[in-house]
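Chains A and B, in that order, are what the protein sequence lines are.
In terms of our numbering, the first sequence opens at residue 15 and continues consecutively.
In terms of our numbering, the second sequence opens at residue 7 and continues consecutively.
In case anyone wonders, no lab produced these hints; they're calculated from the structure.
Warning: the hint list may mix true and false statements.
Unchecked claim - Partial pick of chain B residues on the chain A-facing surface, computed with a CB cut under 8 Å:
id	residue
1	S52
2	L53
3	A66
4	S68
5	H69
6	H71
7	E72
8	F76
9	G102
Here the structure is a predicted model, which means the values were calculated and not measured.
Cβ atoms here follow ideal geometry from the backbone N, Cα and C, with glycine treated the same way.
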Amino acid sequence: MPKLTIDGKEIEVEAGTNLIEAARRLGIEVPHYCYHPGLSIAGQCRLCMVDIEKTPRPSIACNTQAADGMVVHTDTERVRDTRRSIMEFHLINHPLDCPVCDQAGECWLQIYYMKHGLYDPRMTDEKVHKPKAVPLGPHVMLDAERCILCSRCVRFCDEITGTGELGIFHRGDHSEIGLFPGRDLVNNYSGNVVDICPVGALTDRDFRFQVRVWYLDAARSICTGCARGCNIDVHVNRRRPHHAEGKRVARLKPRFNADVNAWWLCDVGRYHYDFVDAPTRLTAPVRRNNAGTAEIAWDEAVSGVAEALRRYSPDQVGVLASPRMANEDLLALRRVLEARAMRQVAYDVPPPALAEGDDFLLRSDRAPNRRGAELIGLGGDTGGLMASARAGRLKCLWVFHHDLLASGWPAADVRQALDRVETLIFTGTNANAISERAQWVLPAAAWVEREGTFTNFEGRVQRFRSAVEPLGQALPEWDLLGRIVAALGGTPAGGRAELWFRELVRTVPAFAGLSYQAIGDHGQLIPGATSAGAPTPPGRRVKVHG
Amino acid sequence: MTATRTIVFSPDQLAEVRRLQGLYPDKRGALLPVLHMAQDAFDYVSLEVQEYVAGLFDMAPSHVHEVVTFYTLYFQQPKGRHVVAVCHNLSCYLAGSREILAHVKQRLGIGVGETTDDGRVTLQSVECLCACEAAPMMQVDDRYELNLTPEKVDRILGELR
Ligand code: SF4
Ligand code: SF4
Ligand code: FES
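If we strip away everything but chain A, and leave its shape as in the complex, we get (with noise of 0.2 Å):
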């Protein structure tokens, strides 16, 4: 393993780690715009110039390799006109528009030419113009004049989908990014272009003029568009609700994590969180009978469901659970259950159409824990329950946000199952059809409003963190249930999630041994299971070039 010096101080680093990463490691910063871990070395922006003693000029970090004995300066004068210089050329051409761009306050022109640039303009020519607001697909705006050109989303669409859609066109100062005429970006991984962008040529056309970003508040959490659980900072803007109509979270941002999604995310789960500030949000508990429709206290809902499951034999209660649901909530779920000794559980309902995973991150399986819920023990014949239902067996049924109208079962089936049970509770983030007719509706908070855990496919249990306040009176699931749990005359864990979970791993042998502190920020394997880590993307995997 070479070890060299940088700027004074001595680093050993695997063969292969070039100097930006070795520098990195030192907590030396060395500016940079083409170099990315995740894709190859394009050596394009020439920012990221280092002095190496014996070469006479500054070198390239990004395609320069730690060799042993090398030193290595980041802060010679000579490298900082360098960058200068190099600053200078990237914004001849450069409208300087960042009071209308988005990208301002997280754009690293501006945060380079701060550090390292501060020269006094010498352009005096017109600038070459190029298109701005072009749109390149459902997610992703083209503004060609801020672009430096540094290939990092061709790279991305060559070398991660695989997909090939974005060139560089013409050439010299009217060079431009673009895509092939007549096509789009459409793949399901268009939204990670914004992301690698360093300037603001590409956005979010989701995210656009939505809220500036220096506003934004950020949680750790996990992405619930399917059982992989990618990695993910919650954007949200609680400081000034009236730039977006009071939408609160403003974007879904990945996370890296080595062994999950490395930098990327796909677009369905990126974009999978309108429901959360949705005009459809559930946000009293209701009750519903021959005298209308009322919004009630939390204590009148709690004892009037627990009322309700008294009332009735265990065998004549349904329970649909969700795969959507944390741990934390399964498992005091299953202690509502037990308290009365309720046997008929099960949380597997078809999905209207069989969703299509693909050869990269994205599942078929759309729920972020239904490997939990099977761990947790909820797992039962769904069929066979609502066939009971039918059948007039059941006169109690209770559904965690499932849409049984919206299923794969016939909803004529559904209507007669839901006609004869007596009481329907429902629980949930949104309303939907099952809410619209549930006699109890109890309101629950949306992942991002809370803190718990999912397990994803491959048994990793990953975190997640609140990033704003439940909506209303929403409540985290493993909360009104425990307060079910308190009101059928047994003990909830505690006022807090992980409680829950410290129980979960006391009291369910899969999950023994882990700890919050322990799944930390990127998760914690179940013992027993093991990870293939992120998968190879499909543009590493076939060979598109030659």
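For this one, chain A is given, so just place chain B with the ligands on it according to the hints.
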């Protein structure tokens, strides 16, 4: 010239494509000559031709489009019987290429990238053609015309049929 035709190489042409591809460690090396073949065979490299060629190289059409737009010698539209390419790079510029180009435009009555109505001449303005010692210069079809003056330009253009 603009009549539509199927964009497919003949078996002989395909054999030539394969021969050219075999000359390089990465077959993409043969892209330039194959694009020239396509331009000869189909008059110009339309988007359809670019997609066809991309298929022969297992490349995304966007990357063929990169190459076609990079070089001035590939035509994406039908071109005139003659191509006049005036150099506008530094040496020629200093030696008066701006006036030469303006003169050519005026004599032909077209702008850069355009073709005269009679299909006689297509005009281009291009980067350095490597004849700085004889600036200002232009390329007419396969010939270099050097040390241009307006009078010389008139004579050269007058000879194009
Ligand atoms: S659009 Fe962005 S990512 Fe793509 S080449 Fe330009 S600056 Fe780089
Ligand atoms: S692959 Fe699954 S978990 Fe990852 S972003 Fe897409 S939907 Fe979310
Ligand atoms: S990061 Fe090294 S040249 Fe761009």
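For each hint, the structure was consulted:
1. For B/S52, the interface hint is violated, since its Cβ never comes within 8 Å of a Cβ in chain A; the closest pair sits about 10 Å apart.
2. With its C-beta approaching chain A no nearer than about 6 Å, B/L53 sits inside the 8 Å limit, and its interface hint holds.
3. At its closest, the beta carbon of B/A66 sits 3 Å from a beta carbon of chain A; the interface hint therefore holds under the 8 Å criterion.
4. Checking B/S68 against chain A by beta carbon gives a least distance of about 4 Å; that is within 8 Å, so the hint holds.
5. Interface hint status for B/H69: upheld, as the beta-carbon distance to the closest one in chain A is roughly 6 Å, under 8 Å.
6. Taken as an interface hint, B/H71 checks out: its beta carbon lies about 5 Å from the nearest beta carbon of chain A, inside 8 Å.
7. Checking B/E72 against chain A by beta carbon gives a least distance of about 4 Å; that is within 8 Å, so the hint holds.
8. About 5 Å separates the beta-carbon of B/F76 from the nearest beta-carbon of chain A, less than 8 Å, and the hint is met.
9. Violation of the interface hint for B/G102 is found here, the shortest Cβ-Cβ separation to chain A being roughly 20 Å, above the 8 Å cut-off.
Violated hints, in rising order: 1, 9; the structure is consistent with all others.
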